[in-house]
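Chains A, B, C and D are the protein sequences, given in the same order. Note that the first sequence covers residues 1 to 216 in my numbering. Note that the second sequence covers residues 1001 to 1216 in my numbering. Note that the third sequence covers residues 2001 to 2219 in my numbering. Note that the fourth sequence covers residues 3001 to 3219 in my numbering.
Don't read these hints as lab results, they were simulated from the structure. C-beta atoms are modelled at their ideal positions from N, C-alpha and C, and glycine is treated no differently. Don't take each hint at face value.
[Unchecked claim] Dumping the calculated DSSO-like pairs for lysine-lysine here, alpha-carbon to alpha-carbon at most 30 Å: (1) B:K1156 to C:K2065; (2) A:K86 to A:K64; (3) C:K2042 to B:K1003; (4) C:K2166 to B:K1181; (5) D:K3065 to A:K156; (6) C:K2157 to C:K2138; (7) A:K40 to A:K181; (8) C:K2166 to C:K2214; (9) A:K213 to A:K195; (10) B:K1156 to A:K195; (11) A:K129 to A:K181; (12) B:K1195 to A:K192; (13) D:K3166 to B:K1143; (14) C:K2139 to A:K143; (15) A:K86 to A:K129.
[To be verified] What follows is a list of derived Cβ distance ranges for each label pair: (16) B:G1091 to A:I130: 30 to 36 Å; (17) D:T3181 to A:R71: 35 to 41 Å; (18) B:E1188 to D:A3039: 36 to 42 Å; (19) D:K3200 to B:T1133: 38 to 44 Å.
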Amino acid sequence: MGKLMSVLEAIEPIKDGDTILVGGFGPMGYPGRVMRAILKQTELKDLFFVANAANQNYLVALEKLLLTRARGMIATFTRPSAAAEKLYKEGKLEIIPQGTFSERIRAGGAGIPAFFTPVGFGTAVEEGKIKMTIDGREYIMEKAIKGDVAIIKASKVDLEGNCFMSGCTKNFGALMPAAAKYTIVEAEEVVKPGKIDPELVTVPGILIDAIVKVGA
Amino acid sequence: MGKLMSVLEAIEPIKDGDTILVGGFGPMGYPGRVMRAILKQTELKDLFFVANAANQNYLVALEKLLLTRARGMIATFTRPSAAAEKLYKEGKLEIIPQGTFSERIRAGGAGIPAFFTPVGFGTAVEEGKIKMTIDGREYIMEKAIKGDVAIIKASKVDLEGNCFMSGCTKNFGALMPAAAKYTIVEAEEVVKPGKIDPELVTVPGILIDAIVKVGA
Amino acid sequence: MALDWRNFVARRVAMLFKDGDVVNLGIGLPTLIPNHIPAGLKVTLQGENGVLGLGPAPPLHEINKDVFDAGGAWATLNPGGSFFDSAVSFGLIRGGHVDITVLGALQVDREGNLANWMVPGKLMAGYGGAMDLITCAKKVIVAMEHTNKGDPKIFNKCSFPLTGAKCVDIIVTNMALIEVTDEGLVVREIAPDTTVEQLKAATEADLIIPDDVKVMTVY
Amino acid sequence: MALDWRNFVARRVAMLFKDGDVVNLGIGLPTLIPNHIPAGLKVTLQGENGVLGLGPAPPLHEINKDVFDAGGAWATLNPGGSFFDSAVSFGLIRGGHVDITVLGALQVDREGNLANWMVPGKLMAGYGGAMDLITCAKKVIVAMEHTNKGDPKIFNKCSFPLTGAKCVDIIVTNMALIEVTDEGLVVREIAPDTTVEQLKAATEADLIIPDDVKVMTVY
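Same shape as in the complex, but just chain A (with noise of 0.2 Å):
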């Protein structure tokens, strides 16, 4: 069977309690019409989102669902957002430095369980993670984050999966299929494989699973 599929079926994988990476920056990149489909034709719950910003203006199907099937999440800015204000005071939200949440996606798709950084040295990023002076600078140790499950959105993707992401749409999504089990992206062209420029194939397609074409 080929990765091109209806919404339903991509997403038809996706368990209860599954750490999900969503890409996007604010509404950039971001997969909506995937994360509707999970609102709104799936009941999964106990859900784990790894995403950059909770926004309940912009970013409404993740909204709703860290308002009532998430279990946690880790986000590097979430204003505003009621759900994640729930989270927070529920101790359920753990915000981190957008370099560190970068780099620990990369690190959990290339195989580095763990790196040092010295952002958020001397600041409550710090807590309870190890330390190291190294070289005369102290840092602090950050583990790779892994997913059971990317969703990601493309500007173009071929039917192998090789995804271009255009300008600034990159940002996380270009990280995440490497560090999850399972990966859907959505994209408003799919066109057929060697029609993307090699030099510019943002993901290689032996990262994604599924394709789900969205109307332009």
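We have chain A already, so just place chains B, C and D on it with the hints.
Same frame as chain A, but now just chains B, C and D:
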């Protein structure tokens, strides 16, 4: 002053004792013009080279510099190279796995002082390194590589230093500029800013200090 | 034509840039800065959302929905610009390849500590990319109104949770330009319409005011 | 037409591939394998030098000097292929996104240890990308001549410095297909022209030969 300059101007800031990162996978992506200038038009000595390979047939200037003017080298594959054999016998050649080589250089450029990898565990590579069990698997800690100078080759470069490296020539040269204080790129094609598609920039110009145009 | 205080601060910050600088601008007041960068000075604007070479906002009919700044505003790309993912973007930031970051603050203190991500019990925004930027950029400039509706924002010690420890280099406000030094907060310039007494009253932190303090002027 | 022993081994290895596999092939004998992958089986070849979707070698007049494999041989790119730098390439490898790696060996042993980077006192080649590949690929297949001019290469314990510890899954030679298990080396198939006695004589390691051992055949 612009970044485009003669090879002698470009290599002028290099000092005795410098650590020099040299791009290329074998002869592909290897900056032969600049390396020959260092060999023939300077008396620089006590240099430390970081390059994927030594090869007396294909990387001739590097081979000669290694023989007489190097205090050491980090590489992944050095056959055939009489210079590398000599350095190895003198305890001045560090052979490391190619993925660790790449990642240590990337880390050097990306402000990551150290990271963990499973590669090399149970082999000579682990000797003298910090080990850690993370989520039940054993890893070794590897430290970033940084250099004083990076010398790389690009397929095309614009006057601001933005580099496009075609096909498989990206290899290590794409990673080295961020890890060095001073970077020289050689290229056969030098174009105006804006003439390289912003999606095709392999190395952003902010990381490039000197551009040397070489004959096609 | 007199500048309003926000553009006055923005222009004074722009005057701190040097040719070749790579600069990251936060949301709010810092977004005014590009209008004040002198023509002929080559400054490359970085957006942590994955772009180098940000240009001015486009006319509405020329928007490219894939080109925007880290505040989510539509932008353009200058010739010589480039796009990349967030791991590359923060690799550039963490690796020290951004020369200057300019951002706002809720609180700054005498040690250069900065708080701008939450007000306990009231507001929880998150770090976004600010923590990486202020920890790793070569120079950190806070650009803000000197007070919050009359309440001081510059303290001997921040009370809100920190975004970064000992990271701020320069504070530029509508009242003064202040340098964070090992000795404490040194006032280098005072705005023309501000007296030393007004400045001290608007600042909780102890200030060092050298004899050669200058009047804050912009071109 | 009978295959020579190298192509016999290459074809037997190719028969181990499954649809959708991402495969990295080492230098030497493994470079023969692409000729034996059945049409219709979708196998993506990765080169650690920064490429996915390697195709066959080009005719001399169609060489693109920027497209080559990890052995430095000119190659082509299949539709759907892509290029990337070495950090991305080894990110894919270390991250477990390469399903199978096939490579040669100087020595292999009963625990699945592999040595192929140096002969003490004689040869020092280096690890290249082999150490990353055999540590991180989901399946590691050694493809080689069973002996080195009659001297065994499969031991109870490697004497040369290791390239990887406990990493080999399957050994395919001109004499046998051997699986590395927790119990030891289990011979699954013996080549048609080889007897059990010949196999044991050519192997230093203890071998487990089950009753249901098969004749090694290729299509």
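*Can the restraint linking K1195 of chain B and K192 of chain A be considered satisfied, given a maximum Cα separation of 30 Å?*
Judged against 30 Å, a Cα distance of about 28 Å means the pair holds.
*Between T3181 of chain D and R71 of chain A, is the Cβ distance one that fits in 35 to 41 Å?*
Holds: the Cβ-Cβ distance is about 40 Å, inside 35 to 41 Å.
*Does the structure keep K2166 of chain C and K1181 of chain B at a Cα separation of 30 Å or less?*
holds (25 Å)
*Starting from the range 38 to 44 Å, see whether the pair K3200 of chain D and T1133 of chain B falls in it by beta-carbon distance.*
For K3200 of chain D and T1133 of chain B the Cβ distance comes to about 39 Å; the hint holds.
*Is it true that the CA of K2042 of chain C sits at most 30 Å from the CA of K1003 of chain B?*
The hint holds at about 13 Å.
*Within 30 Å, alpha carbon to alpha carbon, are K86 of chain A and K129 of chain A?*
holds (25 Å)
*Does the structure keep K213 of chain A and K195 of chain A at a Cα separation of 30 Å or less?*
holds (16 Å)
*Under the criterion that the straight-line Cα-Cα distance not exceed 30 Å, is the pair K2166 of chain C, K2214 of chain C satisfied?*
holds (25 Å)
*Between K86 of chain A and K64 of chain A, is the straight-line Cα distance small enough, at 30 Å or below?*
Status holds; Cα separation ~12 Å.
*Under the criterion that the straight-line Cα-Cα distance not exceed 30 Å, is the pair K2157 of chain C, K2138 of chain C satisfied?*
Within the cut-off at roughly 23 Å; holds.
*Would the pair K3065 of chain D and K156 of chain A pass a check requiring their Cα atoms to be no farther apart than 30 Å?*
Measuring from Cα to Cα gives roughly 28 Å; hence the hint holds.
*Restraint check for K1156 of chain B with K195 of chain A, where alpha carbons must lie at most 30 Å apart*: With Cα atoms ~23 Å apart, K1156 of chain B and K195 of chain A stay inside 30 Å; holds.
Every hint from the earlier list agrees with this structure, and none is contradicted.
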